[in-house]
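Protein chains: 2
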Amino acid sequence: MNAEIIAVGTELLLGQIVNTNAQFLSLQLSQLGIDVYFQTVVGDNHNRLKDTFQHALNRSDIVIFTGGLGPTKDDLTKETIAEILALPLELHEESLQRIKGFFKSIHRQMSHNNEKQAYLPKGCTVLQNDYGTAPGCLIEKDGKIVVMLPGPPREMKPMFNNYVFPIIRSETSDIIYSKVLRIFGIGESSLEEELADIIETQSNPTIAPYAKEGEVTLRITAKCENEEEAQERIQQVEQKIRQRLGITVYGEGEESLEEVVSNLLIQKGVTIAAAESCTGGLLAEKLSRTPGISSCFNRGMITYSNESKVELLGVSQETLNQYGAVSEQTALEMAKGVRERSKVDVGISITGIAGPGGGSTEKPVGLVYVAMATEHKCWCQTLRLAGNRERIRNMTSMRALDMIRRYLIS
Amino acid sequence: MNAEIIAVGTELLLGQIVNTNAQFLSLQLSQLGIDVYFQTVVGDNHNRLKDTFQHALNRSDIVIFTGGLGPTKDDLTKETIAEILALPLELHEESLQRIKGFFKSIHRQMSHNNEKQAYLPKGCTVLQNDYGTAPGCLIEKDGKIVVMLPGPPREMKPMFNNYVFPIIRSETSDIIYSKVLRIFGIGESSLEEELADIIETQSNPTIAPYAKEGEVTLRITAKCENEEEAQERIQQVEQKIRQRLGITVYGEGEESLEEVVSNLLIQKGVTIAAAESCTGGLLAEKLSRTPGISSCFNRGMITYSNESKVELLGVSQETLNQYGAVSEQTALEMAKGVRERSKVDVGISITGIAGPGGGSTEKPVGLVYVAMATEHKCWCQTLRLAGNRERIRNMTSMRALDMIRRYLIS
Chain B
0 MNAEIIAVGT ELLLGQIVNT NAQFLSLQLS QLGIDVYFQT VVGDNHNRLK DTFQHALNRS
60 DIVIFTGGLG PTKDDLTKET IAEILALPLE LHEESLQRIK GFFKSIHRQM SHNNEKQAYL
120 PKGCTVLQND YGTAPGCLIE KDGKIVVMLP GPPREMKPMF NNYVFPIIRS ETSDIIYSKV
180 LRIFGIGESS LEEELADIIE TQSNPTIAPY AKEGEVTLRI TAKCENEEEA QERIQQVEQK
240 IRQRLGITVY GEGEESLEEV VSNLLIQKGV TIAAAESCTG GLLAEKLSRT PGISSCFNRG
300 MITYSNESKV ELLGVSQETL NQYGAVSEQT ALEMAKGVRE RSKVDVGISI TGIAGPGGGS
360 TEKPVGLVYV AMATEHKCWC QTLRLAGNRE RIRNMTSMRA LDMIRRYLIS
Chain Y
0 MNAEIIAVGT ELLLGQIVNT NAQFLSLQLS QLGIDVYFQT VVGDNHNRLK DTFQHALNRS
60 DIVIFTGGLG PTKDDLTKET IAEILALPLE LHEESLQRIK GFFKSIHRQM SHNNEKQAYL
120 PKGCTVLQND YGTAPGCLIE KDGKIVVMLP GPPREMKPMF NNYVFPIIRS ETSDIIYSKV
180 LRIFGIGESS LEEELADIIE TQSNPTIAPY AKEGEVTLRI TAKCENEEEA QERIQQVEQK
240 IRQRLGITVY GEGEESLEEV VSNLLIQKGV TIAAAESCTG GLLAEKLSRT PGISSCFNRG
300 MITYSNESKV ELLGVSQETL NQYGAVSEQT ALEMAKGVRE RSKVDVGISI TGIAGPGGGS
360 TEKPVGLVYV AMATEHKCWC QTLRLAGNRE RIRNMTSMRA LDMIRRYLIS
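If you're matching them up, the sequences are chains B and Y in order. For the first sequence, numbering that gives the first Met the number 0 begins at 0 and goes up steadily by one. For the second sequence, numbering that gives the first Met the number 0 begins at 0 and goes up steadily by one.
Errors might be hidden in some of the hints.
To be verified - Think about it this way: if two alpha-carbon atoms lie no more than 30 Å apart in a straight line, the pair counts; the simulated DSS-like pairs of lysine-lysine are: (1) 72(Y) - 115(Y); (2) 121(B) - 143(B); (3) 49(B) - 178(Y); (4) 115(Y) - 239(B); (5) 140(Y) - 222(B); (6) 115(Y) - 143(B); (7) 211(B) - 140(Y); (8) 121(Y) - 140(Y).
Note that these hints are calculated values from the structure, not bench results.
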């Protein structure tokens, strides 16, 4: 079965809001094994809405609308859909009472045009709105399923999960199960070449790489009759992939690199302190996003000025004079210094040129040194990054996080 | 003129990501006075992409694609569009060199399939990618404009603003000119009440408030035959609004609160140091986003642990024992301490409970103290914030930035 999502609302076409409803519904439907082939946004316009719906009916088994169920004249989703499906709108007494009750509960006078919301297509399954006034509805006609949901996410999401999901699930046989592997330290195209044979020979599960800023995710999706079979199929492919990619696979599902690193620190009880220059606190900020990190993340220092590097980290003035603030030597002394002075297990430091100014031929914008110090050793990575200040700072923080991760799991 | 936006990407249909590109482009096009009637998302599938494009060509003057320009086999936007427009793909030498240069600059080996990205439809206007590998292109054929842009927002947005916007603007008659005022420290509804009479009596320019995390933006949009007239109309309304809102108007256009504050510091040559606890470096990170800030932002300290507050900032153990780490007294000592020890003009400090854990009845999650110390005085703001850890940290950093801003312009 395939589905299509149609969001109705001029505010979307004006760019005033993002269509998060489409993402939510796509995710839910993919879990049901239903392929979403199209997402469309159309305005509150009778003709364009009509064309869009007719087009959708011709190509999709399930058509889900969000928005346009409001009380005002320009909300005409229900009227338009009912017209095309040749279903008259009838007053649904229970819904009317619910709407009246809703206004009573918030001590507001119900305006006359809210009654409009209680009129629903004849023979539809009424979907009650537990968080607002507009009821939704589900229509099954000529082998198609048409669903209308309200636009506000806080009303739409529970309505879908509680009332639509169960109905659609009961009509689907195959279930879709998917797993995401998160990878850092290899580019999308190199990764595809690395896995080319696996990706090409796989049809179920399928393997879809997706690159996003600095990292790559691999989605393994299996379509089977039951979850056990799906999980097994996925596991087999996952093993192969993990063997190929090894340590570059840092996580699964929704977990971010900073989350993985922070949780590793917490699990292993490793204390850490950071000394940052060009990233200005970005590494510390990412490390501290995870609740409970305060037990491991002792302190962070943003030593922009040379004095602060000397005062707070004990970097020697000679090193600064001889090699400069952006140098491997300074990075190493920063890492050692922050570790010793904070009395922690691991010290990490960053110094570099984020740009746009401050670059030179021998030390160009994007040159960054990331160093780590532990009880027994001290090492430094040289990064040469491209892009603007924001990207250089972000990539640096991710490379630093990955350096910590590799140390913790080694 | 009307336009249609087509985002290509299976990750969108799977609900892995939200289609923020469509919002961005819709907003830009509305500024050009172009009506966006449809936004569509379609997968990396030849036939469905073909149908979608043909359908779009029949109903829209401008069709803008995002995504599917990547190096991998499943990226086939360019190939499909070129086929329908009967334009052969030709190697664009300059783009190939740019791509090679990009990989050289990041010291990575260019994988063979990246060459694919340098093949572009014959006769198109090549749109260079300043932040990635895939060039975009603009095709004018049979009175239609077809644009292909890369999927990653950081590559797509500047490409549209710098290379596509000017071309489309030159083809539209009535120009739309708009100005955005950025406001912090007043809620959307209070702001609407404050400006109700102005907003209602205005038709050209129109005034549209929009609330986003912690701040409100006001978009003033005039539609005129020439820019001078538009600017004059806007200026008149802007004056009225600024008189009403006073100091809460912190900026214009795209400038962020952190940018405004950092630039104020740089202009006024005021040096600053920050001491953060619950925000874990977020304030420092925001302050240091602006190039050139290193001359003013001397250092930042993330003093998570009590020892670090004592050691690095000179907070007295008594204060910590008597009032606790999250208290006005501690915040004030942190601000004074970081100012004195860094020998800067202004010290700012943050201590609070970001949650989800660590709250109590008298000190609930969301309780945050932000203090400032200058040569002559020292003061503290108590914040009681709602929401999750991320929101509390972000709102805190913005309130702190606004505190600095108000001090600098007072």
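Taking the hints in turn, this is what the structure says about them:
no., hint, result
1, 72(Y) - 115(Y), "holds, 9 Å"
2, 121(B) - 143(B), "holds, 16 Å"
3, 49(B) - 178(Y), "violated, 35 Å"
4, 115(Y) - 239(B), "holds, 28 Å"
5, 140(Y) - 222(B), "violated, 42 Å"
6, 115(Y) - 143(B), "violated, 41 Å"
7, 211(B) - 140(Y), "violated, 33 Å"
8, 121(Y) - 140(Y), "holds, 12 Å"
Comparing the model with each earlier hint shows violations of hints 3, 5, 6, 7; every other hint is respected.
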